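Visitor: Protein chains in written order, with UniProt numbering: chain A, 1 to 389; chain B, 1 to 314.
Derived from the structure by calculation, the hints contain no laboratory data. As the structure is a prediction and not an experimental result, all values here were calculated from the model. There could be a bad hint or two in this list.
One side only, chain B facing chain A, incomplete, derived with CB under 10 Å [as the list claims (entries may be wrong)]:
#1 Arg61
#2 Val65
#3 Asp151
#4 Asp173
#5 Gln219
#6 Trp222
#7 Ile224
#8 Thr225
#9 Thr255
#10 Gln256
#11 Thr258
#12 Gly259
#13 Ala274
#14 Gly276
Straight-line alpha carbon distances no greater than 16 Å define the calculated EDC-like cross-link-like pairs of lysine to aspartate or glutamate that follow [what the hints assert, rightly or not]:
#15 A:Lys301 x B:Asp68
#16 A:Lys230 x B:Asp213
#17 A:Lys230 x A:Glu174
#18 A:Lys381 x B:Glu85
#19 A:Lys307 x A:Glu67
#20 A:Lys381 x A:Glu193
#21 A:Lys389 x B:Asp68
#22 A:Lys83 x B:Glu85
#23 A:Lys155 x A:Glu174
Ideal Cβ placement from N, Cα and C applies to all residues, glycine included.
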Amino acid sequence: MTFNNTRKVVAAISTLAICGSLAACGSSNSAADDKNLVFLDGYPQYDENSAWAKVVQKCAPEGYTVERQLQDETMNPLTTAVKEDNAPDIAMIDNPTLPSAVDAGMVVDLEAAGVKTDGFNEGIIDTGKVDGVQYGISYGINTLGLYYKPDILEKAGVDPASITDWDSLNAAIEKVVNAGYKGITFSGIATEEGVFQYLPWFWGAGGDLSKPDSQAAQDARDLLAGWVSKGWAPKSSTTNNQSAAWDVFMSEDYAFAENGSWQAQSATEKGYEVIAIPSKDGGNSAPVPFGGEFLVLPYHKTANDAKQKAAAEFVNCMTGENLLEVAESIGYLAPKDDVLEQQLKDQTYLADWAESASSAQGRTTELGLKYESISSGLSQKLQDALNQK
Amino acid sequence: MSAVASAKIVTPSVPGFVRRWFSKSRLAAFGFAAPLVVYLLLFYVSPLVQNVSMSLHRYTRRTFVTGDAPFTGLDVYREVLSSSEFWVTLGQTLVFVFASIVVQYALGLALAVFFNQSFRLSGFLRGIFLVPWLLPPMVSGTTWQWMMDADNGILNRFLGLFGVDPVWWLQADNSLWAVIIANIWLGIPFNLVILYSGLQNINGDLYEAASIDGCNGWQRFWRITFPLLRPVTLITLMLGFVYTLKTVDIIWLMTQGTGTSQTLATWAYALAFAKGSHMTIQYSEASVIGTILILVALAFAFVYLWAQRKEEEA
């Protein structure tokens, strides 16, 4: 008898537990959630007290709350979420992954959803288009430059103004090394980050992404691999990501570093300066890639127009009236010229970056989805070259 | 007698075997087994089936989202198996696995025998040896990468004391051996713990008898310890094999699977999540490699079962 009773109790409890968990699963469409916008946010480093999180909350449309869903990498979680019809209402994706997201039907036409696209720097707004349709919108960009330590250059007798092409850069590095300092750090890691850092040299040698086997590609590899083999750049360049390469630059006697505008503040605090990356034969500085993320509106199999409208409102707030605050909160350069002007007054350390940022090139603008395989090929060849293979 | 018995069986309207099948105790047995069966189906069988199904369809990011990946049969298998990268990677994987487990086992056993003498502080020292096991791979991987830094790493500084030229540990040709060294360090505690507990189960009288018979330490090890430890050895090697075969974290943290350090597991990871030098997501290729990894592990499991049966027969 006792045994039977116990069994009944166990059965009742497990039934309750199952119902409970099912109810929890099923609640995602309840009324309360209709007023909650989920934002897939790739900046887990910014906690709720950060300027970024505050401006995100500030942009919650009237009657809605915004919930940040934090992920280091957003593209794979977004893919699964769209497939399961469980997608966030707004998402952030790294800009070169946009063609793949469009190809897979994971994102919707922003303008049709009510996102405003006027007032942007033309080159920048276009990077968010695929086949003429605006799928991604920028709220700030970053790019690459050549940082240097003025005190080391002075002691080694190098005038930074003399660095105008690859030969003069090599001469400068050699002079610094001969004076007992170290040369240059960069990120040659076997990921898209390494390709991002390789592109200014590739483009600076006249390279064209549609011809990845060109002499320019080889010249750029030879330049970087040469630095490693001569000991001017650390051997760890093959595995350093950009933040590791920056740490090496900061902690040791390196004179130069190829790194991003997001380091401008810490560089300025240390008294370091920056010049544009030189092209192979001088003249104009090398074209630099456009870095940063896009805001996108994910596709939902079960449409909810009211929610999508609210999501578009959120995006308009982030890229419209609050753009200045958004860009300043993460140290990215605002993609609208008038806003950028104000930002450069507030964050003077970004002044050196304005020009290169406005001419930054999209990696996928010409190639679209094909960029993926081209980038993979460049990455493998660069890795071999840096490993002196 | 027999007529009565048969009459008794015939009387009920429900046939006997059905009644026995649905007997209360049997139903209860099913009831108790059901949660486990459901759990196994949900968390083991279904991912496995899904993995195999993915390897038989052509999944791209688009067909993954839309769900209309075309069935391609064994096409993707053929593509993967006919690429030279597969065979090179398989070779590297086998070197990684066997070099790791052989050295891990040898060092783990040596340490286990050493600590089995239970001297003063042996418990404490044994505890210290477990540290690699307790550290998150993120910490140990990054630390090894830092120690093996070609320009400033502590390893090269140490070798420099003996006049050895600095080694570029993580360079493409050396990276396989670099990750093997780190993985051996990581695997020693596991071998030490299991083998140590195996040693404790060996009856001390045997050693006493052996020393009365005049055996030296070397003979005691090879004639008593090693043979009596065989069942424990088998399970240690078996588990070590599976753990090592599927290792991604330590390799990825040190080299992103570049150069010779690419194993089937890191390759599958890179393809499945578009990591490293693979910007295009390749679900199907990754699933093929995953399936092959499962088959390799399964083959080794059969070797283990066979060895275990031989052990029992002996």
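Visitor: Could you tell me which of the hints above the structure violates, numbers in ascending order?
Guide: 5, 6, 7, 8, 16, 21 and 22
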